[in-house]
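Participant: Chain by chain, the residues run as shown.
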Amino acid sequence: VIVSRRGFLATAATAAVGVGALGTGGCVGPAKAPPLDALGGDLDTAGLLAGLENLLVLTYQAAASAGPGPSVVTTFIQSASNHHREHANTWNGLLVKAGRPAVTGPDTTLAGGLVDPARARVRDVVGWARLLLELEDVAAATYVSALATVQGRAPLATAASVQPVEMQHAAVLRFLLGDYPVPAAFASTDGARTTSDQLG
Amino acid sequence: MHLPGVPDRDLHLTGTPDRDLHLPMTRRRILQAALLVAGGNDDVALLEAAAEVENLVSAAYGAVMALPFVGGPDANEFVRTFMTTTRDEHARHADAFNGAATRLGGRPQSEPDPSLVQVVEKAAPTLDSLGAVVSLVLDLEHRARAAWQANVAALTDPAARRLTATVLGVEAQHAAILSVIDLLAGNNAIPLLVQPPDLNRMPAAVGQVIR
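From first to last, the protein sequence lines stand for chains G and F.
When we follow this note's numbering, the leftmost residue of the first sequence carries the number 1, and every step to the right adds one.
When we follow this note's numbering, the leftmost residue of the second sequence carries the number 1, and every step to the right adds one.
Isolated chain G (complex conformation) (with noise of 0.2 Å):
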């Protein structure tokens, strides 16, 4: 491969922007957004993430107290269960740095028109598997649906964050379950929830 002037000079131009981070694994591109504050758009996005979140370190608590399974099941609900929790504290972070409390519940909107009746039909490990995959779909179908309307810096950077782990535990579920992991070349927004979801 001959790499000429213009690899050299594609490099030093995009090290200023996002695709910078193909070297460099971090590089953010230039700030354009206001800020979160300013934003209560964002705030009641951020607290609907919060809520979302909620509800699956909720449902993931549940499916590990329902009975042993197989260590590998064991083992991610338990890593997932960790993320998600992570997940909230930050969106919580961002919505008390801004003045409003924080999210401690889930989205009950969410809880009773899915989780709540799924919950009483699951019989097995498969069944859970296929609830968090349903809540994990629905998780990051709120995410890109997030990317594409949020403007504050703060709360683009953590949904760019999340966003990709939500996938990434769904990829997984549909693997563990016997789906073919990556379902579409497109991330989708079907499912997605909206700030009209109530919050507990």
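Please keep in mind that the hints were generated in silico from the structure rather than gathered at the bench.
Careful, some of the hints might be misleading.
[Claimed, not checked] Facing chain F, according to a computed beta carbon distance under 7 Å, are these residues of chain G, among others:
1. Ser71
2. Thr75
3. Ser79
4. Leu147
5. Pro181
For every residue, glycine included, the Cβ atom is placed at its ideal position computed from N, Cα and C.
Once you have looked at the hints, place chain F on chain G.
Facilitator: Quick look at chain F alone, frame taken from chain G:
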């Protein structure tokens, strides 16, 4: 690009077997580069560069498919399917980024990202096992994810930002499954890669590949 263990032909990232990758810097790209170095933003440049990254990653998957332990008839079926499907998904990402760039006045990019070409070329002589192959493509997926994560914040066009958000998590999913394959390959447990898997035999560590 030549990979060891491929007796019949060289592997080329462009799919064009008889030429090296010559990557001319057009005057337009030089101007875009100057703009970006100066701290300005240019959605078109970001999208064109993104298409080049996807071109490279798709081509890398395509190239390693020629290795018998990845794409040969005796290769693990799940691995073969995953590598093929992932190659195609990256090609679709490239098409989408090219479409977005074109919509904003840019030009579709058919060449691979030059800096990542170097990464692949450097790794090529070491690709003598599934673990080595997975290590390479996992590295490419991580780099792509980091780039799209940053681009989501940098892009100003709403549709381009939305598109990047839909690609970001898919790269992460690729990485998660590659991590599973890597873990099993490192434990000589590739036969466990069947669908559906035997959960009782699957190592617990598979449950914590996401970090």
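Participant: All hints, please: hold or fail.
Facilitator: Hints and how they fare:
| no. | hint | verdict |
| --- | --- | --- |
| 1 | Ser71 | holds (4 Å) |
| 2 | Thr75 | holds (3 Å) |
| 3 | Ser79 | holds (4 Å) |
| 4 | Leu147 | holds (4 Å) |
| 5 | Pro181 | holds (5 Å) |
Consistency note: the structure conflicts with none of the earlier hints.
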